[in-house]
Amino acid sequence: MTAGGGLPGVDELYEGAPCGLVITSEAGTILRANQTFCDALGRAPASLLQHRFQDLLTMGGRIYHQTHWAPLMKMQGAVAEVKLDLLHQDGRIITMLLNGVRREHPEGVFYQLALSGTHERDRYERELLAARRRAEALLAQATAAEVALQQAKAELADAYQSAQRRAAFAEQTVAIASHDLKNPLTAIKMAAQLLAQSEQRDRERRLLGSIGHSCERAEGMIADLLDFASVRLGQGITIRSRPADLKNTVEQTISELRLAFAHARIRHLSRGYGQIDIDPDRLQQMIGNLVANSVAYGDMTHPVTITTDLAGDAAVIAVHNHGTCIPEALIPSLFEPMTRATDQDATVRSVGLGLFIVRELAEAHGGEITLSSNTVSGTTFSIRLPAGRAS
Amino acid sequence: MNLPSRNNVHVAGSGNATLVFSHGFGCDQSMWQFLLPHFQGRFRLVTYDLVGAGRSDLAAYDREQYDSLCRYAEDLNEIITAFAEGPVILVGHSVSAMIGALADRQQPGRIAAHVMVGPSPCYIDADDYTGGFKEADIHALLDTLDSNYLGWSSAMAPVIMGAPGQPALSEELTNSFCRTDPDIARQFARVTFLSDNRQDIHGLPTPVLILQSTDDLIAPMAVGEYLQGVLPNSRLCLIENIGHCPHMSAPAACSEAMDAFLQPWAAGQ
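Residue numbers (our numbering), protein chains in the order written: chain U, 1 to 391; chain Y, 1 to 269.
Derived from the structure by calculation, the hints contain no laboratory data.
Careful: at least some of the hints might be erroneous.
Straight-line distance between alpha carbons at most 25 Å, and here's what the computed SDA-like set of lysine to any residue pairs gives [to be verified]:
hint, chain 1, residue 1, chain 2, residue 2
1, U, K74, Y, P37
2, Y, K134, U, I93
3, Y, K134, Y, P37
Here are the in silico distance ranges between beta carbons for each label pair [said to hold, decoys possible]:
hint, chain 1, residue 1, chain 2, residue 2, range
4, U, E136, Y, D67, 15 to 25 Å
5, Y, S5, U, E107, 44 to 54 Å
6, U, V10, Y, D67, 52 to 62 Å
7, Y, D183, U, Q235, 55 to 65 Å
8, U, L156, Y, P205, 51 to 61 Å
9, Y, D67, U, R134, 16 to 26 Å
10, U, V147, Y, Q40, 46 to 56 Å
Backbone N, C-alpha and C fix where the C-beta goes; we use that ideal spot for every residue, glycine too.
Work out the full structure, taking the sequences as your base and the hints as a guide.
Written out as structure tokens, the structure is:
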């Protein structure tokens, strides 16, 4: 149904079509362009005729025309949705979407082109493209970071492995060396004991006593080294618990320590009686290490005090000394191997395994070791062991 | 590596010599369709797609390797070794004319002659050289390429889709023309239009037929004349044609000029 009984003329419809319509020769020469197209480019129709369509494009568009859509028009006879930048009379760039067909008529071959503005859509699509580029750049960054991370991890793993190998080698060396040292040391001790049985002069007795003490100290160090090595080699420290009287065991230990540390005064205070499940040799080793520590670092004008407290479920054995307190910064690492509370006198100690061994032994018994140290009340190491009471 | 699928190689025709057709930037081997029938009876014909173009194996496209024309030239020599018989005449359009020259330099003597269709050794103007473009023009091209990639959702998409005027054209055929991956096309555009092969081409002794369109934006007359000047054994043949693809828009004139040039290698009529 039409209002006036018919449509407007074809020319009128062509000129006013809601898109640019252009007819060119195969080579691109413009033969006719409608008003809509002329208006879009701000050009008079007459000024377009005999120009080539591609001359209306930006340089990029012209190359694209030559390399892409001109061959396609030739091969497939049509193109669709090509986006092109055209130059407005005033120099502005007008982005348009092109559909084109190649038509053969009796009058010749013509390219019929339809163009519509796509300004807003083009902007939107460019934003999309920019966003995609950003996303790709970020992805590339993330990928690069991931690669770097993996590489760093691999290097770290390598370094860790070679450190592990070095450490294992060192620990095995320590274990083998300390084990092999025990035999000659035992021979020296036995020889000294045999000599002690015969008649001696004072000087010989002093020298024999000195040999005996030195052997014991060396044995202690070897025991520590062996324990350390076996902890580090993953074997742990073995303890052989059996019911033993706590007070008596400590008393016996202390009397031996008094001989070993003749210049120190060592006191023993005890509360509570009874037997608990414990490895007495290991208890002796713990107390020995702590007392050796006190003698080495404490103020020996005051006594070293050992307190044994057996009450309820727990036995607490504490070793206290007066003197300079342990710096707070050192406390967290104090129980680690090769750590010393001070560097002031490198000659007084062994390799720094004593406290490490004590902690390992306490933990092997299911207990723990704690420390309090300050200038006023001095330094106290407390071993707390579960009192698995022997029935 | 599978050459036939990597480069989508096709072999046709028969003769004592082989014509190897290498397409230019923006399209694929289908652009030779107007020229091939003319030579079918007298030559062995090898056509292929450059890696990254047409139906080549996109997985073979390595951004670093294909960052210069050298790798394309190596590919061409591999194709010649595998598929050519007898003397080889390389027919290269646009950038492929330079790929052919590089392949010739890589293996001197293997290519007997070149037919260069719209060649240019350097697109950008230099001090005493007119290539026809400023560097900004090439960036404008990259921009146009970009804006035509929009809406291409995945890696593979036809450059220009659809054929509204030709419903008979099957979907497969339509999309087979000039397929390309946007990122590859962008890099190839850079490699093509920012390359300078003037030193490679200078003094190349192999016989060369230059098919120069009389009106070509991409390879203007001055460039054809320059090439004739630096190629000692070359013949410049003007083809009355507007545009960069005389083998498509003026195939008869092209094949006529080629017939004369190829006379020494053609099998009996």
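Hints that the structure is at odds with (numbers, increasing) | 3
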